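Below, each chain spelled out in residue letters.
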Amino acid sequence: MSGRDDRDDRDDEDGSDDGHGGGGGAGGHDDFTNPLFFWETTPVEGSPETPGKVAPDKAFEMKFFSRDLEMPDGREIEFWGFEDRLNRVEEDVIRPSSLIRVTEGDIVHVTLEPSKRQHTIHLHGIEIDTHNDGVGHTSFEVTGSYTYQFRAGAPFRPMEGGQLQTRGAGTYFYHCHVNTTLHFQMGMYGGLIIDPVEGPGTAFHKGPEYEPEQERAWGCGDVDPVWHELGHAAGMKGGDAGLHDFNPVYFDISGKFQEMKNGRTDADAVIEDPTIAAEGDVGGLPILIRYANTSYTRQRVTFHGIADGNMAVEIIASDGRPFDNQAPNFATPVQVDGSMDVATAERYDFMVTPLRKGTSLVTIESLHWISGERLGVVQTTVTGI
Amino acid sequence: MKAQILGLINFATGGRNYGRQHDVMIMTVVLAFGVVAWTQWVHASVLEVHHESSGGRLFHLVRDGSLTLLPAFLAVVGGLSIAARLARRRSTRDTLVPNSVAIAALFGVLLVPLVAAHSVVDGVLGGDGGLGTIRTPPGAGYLVAGAGGLESATGFWGQLGHGARDALVAMPVALVLVLVTSSVIAWRVLEREGVIRASTSTTSPGSPVVAAVATSGITKRELLTYSGGGAAALALSSTGLIVLSTRQAHAAEASPATPWLSENIELFMNDGIINMIEGVPVYFWGWGFRSGGVDESEALNTPGPVLWTHHGDTITLQISNNLSEDHSFFIEGVVDSGVIAPGATREVSFPAPSPGTYLYQDGLNRPVNRTLGLNGVLIVVPSDGSLVAHPDLDSEYWTFVTQWVWIFNEIDPDYNARAQAGLPIDPDEFVRNFLPRYFTLNGRMGSVASHEESAPETVIHAQLDHAALIRVVNAGVAMHAPHFHGNHVFPLVHNAVVPDTIMWKDTLRLMPEDRIDVFLPYAIPPNAVHFPPPEEGSAFLRELHQREMEGRWPMHCHVEMSQIAAGGLYPQGLLTDWKMEL
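Heads up: the sequence lines are chains A and B, in that order. Counting from 1, position 17 in the first sequence corresponds to residue 17 in the working numbering; the numbering is continuous, with no gaps. Counting from 1, position 237 in the second sequence corresponds to residue 622 in the working numbering; the numbering is continuous, with no gaps.
No lab work stands behind these hints: they were computed from the structure. Keep in mind that this is a model prediction, so the values were computed, not measured. The reader is advised that the hints may include incorrect statements.
[Unchecked claim] Residues on chain A that point at chain B, a partial pick, calculated with CB under 7 Å:
hint, residue
1, 29
2, 184
3, 321
Glycine residues also receive a C-beta, built at the ideal position from the N, C-alpha and C atoms.
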């Protein structure tokens, strides 16, 4: 059953033939003091069955890829990720990986096809059985293919008044959970959005409406080029791979990088890409910004338009849970009145209402997780028209 | 056998020979089920321990009653035999009371090992007795750090203590049951004979019941004391050691006798070497302690012992500095010992602050001395002992069943070496250049921190719907992002204050010195298409891991450098598991 012998020796990901080949060390499953415990006991499987598989409402086939991307300073960097081969919304995806977008109540199948070395898909924020959680050391890593199955939406109680009480529309993401420190940094993450039954244009069931054309997904990440030279299983079987020492140089919003100046991000530059920058009619429907900190830093988010009186910004949800004041979740929308700090992997849904015409900057600073030093910045705009 | 039956006949009839063997059986059944029902009621209503649905309780009653039949029978027969001998010696004819006392006493003695064995039975059969679908609402019961005083006392003496207490609780009611039953039997027999003896109605069931309540009259507060003591014992004995050795963790079993720690605790600032997960020795500062007969004054624990107290109590600590430089005992906004010179002992006494979780640390050269090991946690529970983290929270929603403490820290061995060499460390330079290679949760890393065998105080386990309160504390200098798989959580209390908006999160922002009291609902993971999952899936995971994995999810920090030890070894860093009994 254990797939330690299934290891795939194709090695285009890293140029080495590392694989979980320990085959159970001296202590095996009970020697928790063994530094190689996880290396030796994490199962690597070929193509396990999905238990209790049912017909899906939406399906995705996530194929592993490794592609180079040019950084603002001209340097080519290797990225890894997942490309959805089934829906083919976008060709040659690099950063972020293909979007998973589903509706509350959907049965969803996300099929992983690592194709090279072992990977998993962890659906971050989706509360799911261990078998489908995509964590190697509690379930298994995959070399062949595996279909992760889940039901979108998060009913806190299954039924209320005969109706499915859905509470899980919102912003999530997914990522590889194998040697996560490295694989996440290599870019193996993508967005996961759950729409309420009302569909895009409504933030959550019975929640506020937004302008669907002005919905933005900002995955704010960072890149340490040194780490992108490392192999798939770097450090996993011992040896100092330097994975405790992270020094990001490049910073992006959903794959659009901040321009550089003197080896650092240029604090005066602005990302004007229309898939990132947003504009909304004054008096019209508001803008929804689904923001996620996908960096390994503390991010400080500042909507300069608030202080200028150009816009009002409200947090209407976080981590896929609406602030809808329904027991036991008594959160109500929070008015943003200054900068706010966000930790890695947190998500906040900002509802931005332009109050008057004009363009305002939004700045997201990345601060070192210990020293607080400003390592880089990304900047874009929100415009009232 | 004949003598025993004769004894019963004596007993049942006050000396007249109307022998009926089934009277022994009636007595046995009444005694077994009556006493089990009584002890269950005491546990449920007075001790508030076993909270089960009525179906679960009924199952429990039938099962335990049946298991108790044998000792009850032995007690009846043996008790009658003893009483008969005594009666012969003293040649008294009023056998009712001595018979009953003998049976009750013998039954009580036989109960001691039975109660001790009960936890084993529960473990084998499951607390729900296999009914499975019957679950209890949150908000009932009391356990601290998975260990609630005598209920979860482990080891021979712990089990014996639990057995003895329950036997004491049971004995008076056994006496009443025997008296009443024998009276009824005798009454029936005599009535049939047309002889009613007034003397059989001499028992007053009231007084023994009162006595039983008095015996078991453990107030909530005392229970909390025991529970807190149990948790603190766990924390004291096993949270501390960064030593990544299961053997040491096992050696450090909880002592059920550990007292409430707000009184008479001595802390000692010690130093020593602790091996990291891959064997590298690192110098640390940390804590020894002495309290309630436990003398660990030479030990090196980091984090230090978890101190528990009630809001309003006064905490008194003796702190001795066994190190070679100045240190202090400091809790932000609560207490500051001032400088404690090398070799000096200082007493600090302070009223417990408002309910919540507090970080105690060496307040000198912050955050250096804290990060090098001189840290620990003080927990203040509401003065009424309620199972809600803070009085400002609505108990309807936020009552928990178990509570836990997670202390985060990180280690850059270069600075530990500088401390060992007695070199000064500038705090600004420290924060600027700190490059941690190891990350700990309750002083443990990765595989040691995520298995209940090696980290029983850290790996959370509970039943479905039994909410857990986790007091997450950052004793280090890095920002952490604790991420929960399996369930979203509610960060209820932040630095002893209930925030304006309680969010529902899967990832938290935990800054240095932050304490967040997190409510983990232990709900069915709502996105699972099947839950519990199909057996073939669970069996697959079981076979892969040689242990039950379904219903087990990680909590890890999402600032992924913290998942590393010595530059690699993913995920030998800051993570653990939480486990749902399916």
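Numbered hints the structure breaks, given as an ascending list: Of the numbered hints, all hold.
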